[in-house]
Structures are given as C-alpha cells and as structure tokens.
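Peer 1: The chain contents come next:
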Amino acid sequence: MAADTASVRVSPRRPRLSRADGVRLTVVVVFIALVELLCRTGVIALSVMIAPSAMAAHCVQILRAGTFDHDIAVSLGNIVAAAILSVLLGFAVGVLLHSAPRARAAIEPLLSAYYAVPTFVFYPVFIVILGVGAAPIIAIAVLLAVVSMVTATLNGLDRIPRSLHKTALVLRLSPLQSALRIKLPAALPYLFTGMKLSVAYAFIGVIASEFILSGEGLGYAIGYAYNNFQNRDMYALMFLVLVLVTAINMVLNTIDRRLQARRRR
Amino acid sequence: MSSVASLIKPVAQSAAQPDAPAARQAHAVLSNVTRYFDRTGSHERFHALGPIDLTLHQGEFFSVVGPSGCGKSTLLDIFAGLAEPTSGSVSFEGREVKGVPDGVGVVFQEDASFPWMNVRDNIGFGLRMAGTDGAEVKRRVDYALGFMGLKDFASAYPAQLSGGMRQRVCIARTLVQQPRLILLDEPFGALDQQTRLLMGDELLRLWRETSATVLLITHALDEAAMLSDRVGVMSSRPGLFIDIVETGWERERDSRIVSTPRFGEVNARLWEKLRVESLKVMGLADGR
Amino acid sequence: MKTLSNTLAVILIMLVVWQALHALAGNGALTSPWDTVRELASLLGSSDFWPHVLETLQALVLALLIGVIGGLALGMTLGMYRMAREVAEPILLNLYSLPKVTLYPLVLLAFGLGLPAKVAFGVMHGLIPITVFTMNAIAQMRPVFLRVAATQRLTPARAMWHIVLPAILPEVVSGLRLGFSLTLLGVLIGEMFASQRGLGHLIINAMNLGDIKTIMAVALLLILFALACNGLLMRLGRRLAHY
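Chains as they are written, first to last, in the working numbering: chain A, 1 to 265; chain B, 1 to 288; chain C, 1 to 243.
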C-alpha cells in the first residue's frame, strides 16, 4: 500500500545556478542601471561621479595603455604577501592560544577592540625597523588581517567535536597524524572563513596604507588622482579595485561553498 | 480540587458534559488532507502525508505513532494551523482553520522555554501577549507553578533547570492559556525513561482537569498505549492511517495500567502494524 | 578574579615589549610608555585638546546611532526572509571587503568636508558588520522560538520585539562590539581627510610633522576608550542574556 512513486516530478532537475543567484544578479544589474540613469540625466552631478559605463570604459583604456601597470603590480604583490603572512601567522598564533587557555582567556576580550586602533599610526615604527618600501605597508596590512585568522582558528579548533578527539585517541594516532588527518579537515571550513576575511583585510590594509602613506601602488594612485582632480582616472581605478575584489571573493566563495556542502545538515 | 477546576477548566463548556470519556462530538476534523512539500534545490514535490481523514472527539486523548519520517509532525502542524494542507480541509470547533486558531495550545519536542526570562515570566508570556490583566496573570501563573511543581523555581532561569523541568515550564506556559485542544509533538522525546513515565502521569492528570482534547505525537508505543483513548498508527511516508486502536481505558487512569493484560494486547497490536512500516523505513522491508 | 589578573598580566607583557621596542628603535619611531602617558596627561590638561575630543565624540555618536539602528533593522529584516538573506549576504560581504578608501573621494565629493562626511565614513565602516552579525544571528536562531510565536498568534512586529530580539541578543552584541570599533576607526579616518578638527585630524597633523609623541598619546587614548566601551558592551550583553 505504501506508495512507490512517493514524489511527483514537476519539471526536470536544473543544474548549478540557484534562485538566489538569479535574484542577486537581477538586483545588482538593476542597481547599476539605475545609477547609470541618474548619472546620465545629471541627477548625480558629473563633478561628483561619472557614469558606471564611463568608469568601465576608461578602466579598459588605462589597462590597455599600461599607465598604472606598475602600481597595480606593486599593490597585488603586497596584497599576496600580506595575505599569506597573515594566514600563516594567524593560524600559528591561533593554535598556540588554543593550547594555552589561560593566555587565551586573557587576550580574547581585547581582540574585538583591536579594530578600533588605527594601526597605520605605527607606520613610522615599521619604517625604522623594516626600512622604507613595501615592507612597512605589508606589515600594517598583516597587523590588520591577522586577527581575523586568529579568531577563526580558535573558533575552528573549538568546534571540533570532542567525539573526534576521542576517536583519534582510541585509534592511537600520533599528535601529528591526529592533527593532519582528523583535526585539520574538521576545522577546515572555519579556517577557510578566516582565510577569506584575512585576504579581504589584507586587501583593505594594503590599499588604505598606500592611500595614506605611500608613494606607489593602487591606493596611492587613487589618492593622487583625487588630489589632482583627475576624476576619470580616479574612478577608473576605483572600478578596477571593485572588480578585483569581486573576482577574488567569487573564487573564494566557490571554494568555501564546496567545503560547506560537505557538512550540510 | 474545585479551585483547580475553576482556574484551569476552559471557559466554554459543551452541552454534553464530559463525564462519558469520549463524548463523540467532533472537535477537530481533517478531511481528505494531503501535504506535499517542494524540495529545495529541485523541482520534485515531496509527498509527505495523506490522504488523511481523522476526527478528534471532544475531550478525547488521541495518540499518533509511526516510523520516523512518516509525517506525524506534519499532521500536528496541520491541526495547529502552522501548516496548510495541499488539499483537503481542516476544521476546529466547526470553523475552518486558517492560521493558528484561538483555543489551541502546542508543546514542542525541543525545549522552547525562553532562556532570557525566568520561569515565572516564561509561563506568563502568552497571557501577557494576549493583554490579560496583571493580577489575573499572577494568579494563573502562581497556580500553574504550584500545579506543575515549579514553585521553588519561579525565579530560576531555564539554563539552571533540567530538561524535564524545562518541558514542564513549556507545558505550564501552554496550559495557563486554557486551551481546548492541546497538541504535543513528542514532548518527552528528549527525556530519559523514568522522567517520561512520570510526565505521562502528569499529562493524564492535566488532561482530566482541563477536559481538553489532546493529540499526542510519540514514537514510544507504550506511552501511546498507556495514555490514550485511541491510538492511530501511521504508515511510512507518505503517512496514512493503517490502524486506529481503541484502548478502552477509564478516564481515571495512571501508569499502573501497564501491568494489566489489556496493555500487553494493545501494545502487541500496535507493534504488529508498526513493525512492518519501521522495517520499510530502515530499508529492510520483507516481502508482504 | 582570575580573568582580570590574566588580562593584567597580558597588559604588563605588552608594556614590556613596548619598552623594548622603544629601546630598540629610539625616540624617533616610538616613545616609551612612560613618556606617552605623560604626554597624554598633558594633552588632557590642555584646554585646546578637549574641543577635538568632543568633535570626534559627536561624530562617533551620530555615526553609531545611524549604524546601529540601520544595521539592526536591516539585519533583522534580511534575517527573517531566507531568500533576502541568501541574495544579500554575498553582496554585503563583498562591499565589506572593498577597501573603503576607494570610496572616500566619492563620499567627499558627495557630502563635502565636515561633519556629514565624517559621519558617513563612520557609518560606512560599521554598518555592514552589524547587519551581517544580526542577520546571521536570526538565521541561526532556534526555529522553535518562531513556532512558539506562531502558536501564540503574534504579529510579526511583536514576534520580533518580544522573541526574536532577545533570542539573538548575544550574537548581536558581538556584532555591536565590532561595529563600534570599526565606526570609531571610520570616523577617525574621516577626520583625517575631511576635517580641521577632531582626534583624527590631530593624528594626521602630527604624522606630517613627525610628532611621534602626540601620535602615540592620542593612539593610547583611543585604545583605552575602545577597550572601555568594548568591556561595557560585553558586560551589558551578558547581563541581558542570562545565558
């Protein structure tokens, strides 16, 4: 009596793109179109902002002309360096703190106040210690990005269920095997969230520092263009930064989704 | 005893006084009800329940048992107005159910006590939301605290209580509102066996005092057999009623009936039907 | 109290490291802890320091009002509707990871110099964390609470106020702590570009003059302020939650 065709097919199964993705795309496109319209009709004055299409067009122009290639290369290099350093350092500190509960209890409350500190005020310190050039910029960016990796590492290690710890013991694994084969995979989704944030903060830290303190890089170029009333260049560069950030996020999010799908309830 | 009745008995009394255990007057009715779900991420529909025809009689204690995933909770949601049937009709006290009707109380399996309020405030929550006068709230809550044995814990917070006590808080919260239909979705599922047996007795006590109609969802056969006037056995998904067993117990019953032969018979009959369905769910169906 | 003594121990260690770095790098890079405290004391004593503090405070309070109320409202709305949340979350996170410096010229062009620009900067930094934390708090809220709201036949507004808001409070407070710090940072940065007054302006001024003492004294003040407010928020969160 129990039905063997328990579900009713309404339409063939569709692949990847979910409804939410579709709605989001529509929202973004509509928004951009709206801004474009407001710019073209002059509701948003030309002196305030140029139309998105003009931004994109000029961006393509400067990329082709190679005007800012050096700055772009400098910034990207700094960001990659800062991201890698902060992930490794943050993970190491997180692991250390996790195994020292007293130290952790003392430091954790201070961590969220950390972001209020304008860390680039320590730029002069870094210049003295590290010399002028890319190193102080990277150091400031690392300072900004490392905390989120520490927090995520602590969180990830916390969330490894006790039953997994016990399984590792019962299976008589060595500490290294236990860490690599059980703990790391279990904590990986949370660690990856930390990595995403670290990359984002590394990006922000580098660009912001270049804007305020440096003589080269994308951040500096934007500031220079602003100060010299070169609006088109400025917006083209801002557009480029937006595109880069979005692209990086999309890649990281795809990886994240694969990791999360494993543990979907 | 009369003070108990005056505070907790529902205001509306049907003409047929609830002396006869099953007054045979329809209280809540499901008629040809089915429920389909849209599966997220695909376009197949998921046939969860039905078609179901079920009439709950005024003042009766009805339990539903069935294998996991058969749709028991969906059935309760439909009675409560928390879910709409895909087809068929639901009525309560003669009126069609749209949203949660007045006079219906629900107790969930998970602990639904609010961790940010103490026990007293938890119990009085529904009354306060309904705008009941402060003095009346206090009176009813005080009564419920005494009745449910929570008097010493009135100022405690749920985090300080055991699972069983938290469920008592949830039951008390439902009861102070004098519901005429009480729906319980595996309320003792998260509790240990001893607590379950004692809570079963308490539930019977409350049922008698309030004269409400009770629908209990449970996976424990002995619980259903002990507590109910009738037990409905559901098939595996999509859930259909394959048997409804009349237990024939007296209204004044408690857990001691488990030692009677009749209890064994009821249990055996329930298991006979349920066993086949449970095997199917586990993927171990033997040929019929 | 054990945690207090632990935290004091950490602070002590940081002071030692600070002193060591000072000895290493010299006065041109880093003033010693003691000198910094002295400089701060003298600043607090001088009459022309306080107008700057008040200026920053004013901008901070305004930015917080907008950011907190806006963030909570937006977060709660998005959190309640699953589709809205799934659509909005990647957009919000993307905006969050955008270096806000790249938008500063736009803000300055739109708001001009002065208080509105500073408040805008502050809101820009703090709004998204508060929104995202609130949104996630609702998404992770135990669903049974919503079922209770339904069985009690509460309107959505009453359900939000009486059930959802208290249920999500601990998570929201975490978001508020982060949002507070970031809003303060945003206001400071805004003052660096858009103002002739305020602590941010003092900092950039001192940076241009190479006046390390002032930079560090003001930085110390800001750190202490941020820590104090953070601590207060933590205590408040614990009090209200009884978890």
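Simulated from the structure, these hints should not be mistaken for laboratory data.
Remember, predicted model here, so these are calculated numbers, not experimental data.
Hints may be right or wrong, so weigh each one.
Unchecked claim - Here's a subset of chain B near chain C, in silico, CB distances under 10 angstroms, partners left out:
hint : residue
1    : Ala26
2    : Asp77
3    : Leu82
4    : Ser87
5    : Pro101
6    : Asp102
7    : Phe108
8    : Glu110
9    : Asp111
10   : Leu183
11   : Trp249
Claimed, not checked - FRET-style restraints, in silico, Cβ to Cβ:
hint : chain 1 : residue 1 : chain 2 : residue 2 : range
12   : A       : Ser174    : B       : Asp38     : 20 to 30 angstroms
13   : A       : Val251    : B       : Asp38     : 25 to 35 angstroms
14   : B       : Asp53     : A       : Gln260    : 36 to 46 angstroms
15   : C       : Leu57     : A       : Val251    : 39 to 49 angstroms
16   : C       : Arg158    : B       : Glu136    : 42 to 52 angstroms
17   : B       : Pro51     : A       : Gln260    : 33 to 43 angstroms
18   : A       : Phe229    : C       : Ala84     : 33 to 43 angstroms
19   : B       : Lys98     : A       : Val43     : 40 to 50 angstroms
20   : C       : Met83     : B       : Lys98     : 52 to 62 angstroms
21   : C       : Met83     : B       : Asp152    : 44 to 54 angstroms
What the hints assert, rightly or not - From chain A, some residues computed to sit far from chain C (all C-beta separations above 10 angstroms):
hint : residue
22   : Val23
23   : Leu85
24   : Ala106
Backbone N, C-alpha and C fix where the C-beta goes; we use that ideal spot for every residue, glycine too.
Peer 1: The structure should be examined with respect to each hint, and the outcome stated for every one.
Peer 2: Hints, verified against the model:
no., hint, in the structure
1, Ala26, "22 angstroms, violated"
2, Asp77, "9 angstroms, holds"
3, Leu82, "6 angstroms, holds"
4, Ser87, "22 angstroms, violated"
5, Pro101, "9 angstroms, holds"
6, Asp102, "7 angstroms, holds"
7, Phe108, "5 angstroms, holds"
8, Glu110, "5 angstroms, holds"
9, Asp111, "8 angstroms, holds"
10, Leu183, "9 angstroms, holds"
11, Trp249, "29 angstroms, violated"
12, Ser174/A with Asp38/B: 20 to 30 angstroms, "49 angstroms, violated"
13, Val251/A with Asp38/B: 25 to 35 angstroms, "31 angstroms, holds"
14, Asp53/B with Gln260/A: 36 to 46 angstroms, "43 angstroms, holds"
15, Leu57/C with Val251/A: 39 to 49 angstroms, "41 angstroms, holds"
16, Arg158/C with Glu136/B: 42 to 52 angstroms, "20 angstroms, violated"
17, Pro51/B with Gln260/A: 33 to 43 angstroms, "38 angstroms, holds"
18, Phe229/A with Ala84/C: 33 to 43 angstroms, "40 angstroms, holds"
19, Lys98/B with Val43/A: 40 to 50 angstroms, "46 angstroms, holds"
20, Met83/C with Lys98/B: 52 to 62 angstroms, "24 angstroms, violated"
21, Met83/C with Asp152/B: 44 to 54 angstroms, "47 angstroms, holds"
22, Val23, "5 angstroms, violated"
23, Leu85, "18 angstroms, holds"
24, Ala106, "3 angstroms, violated"
Checked against the numbered hints given earlier, this structure breaks hints 1, 4, 11, 12, 16, 20, 22 and 24; the rest are met.
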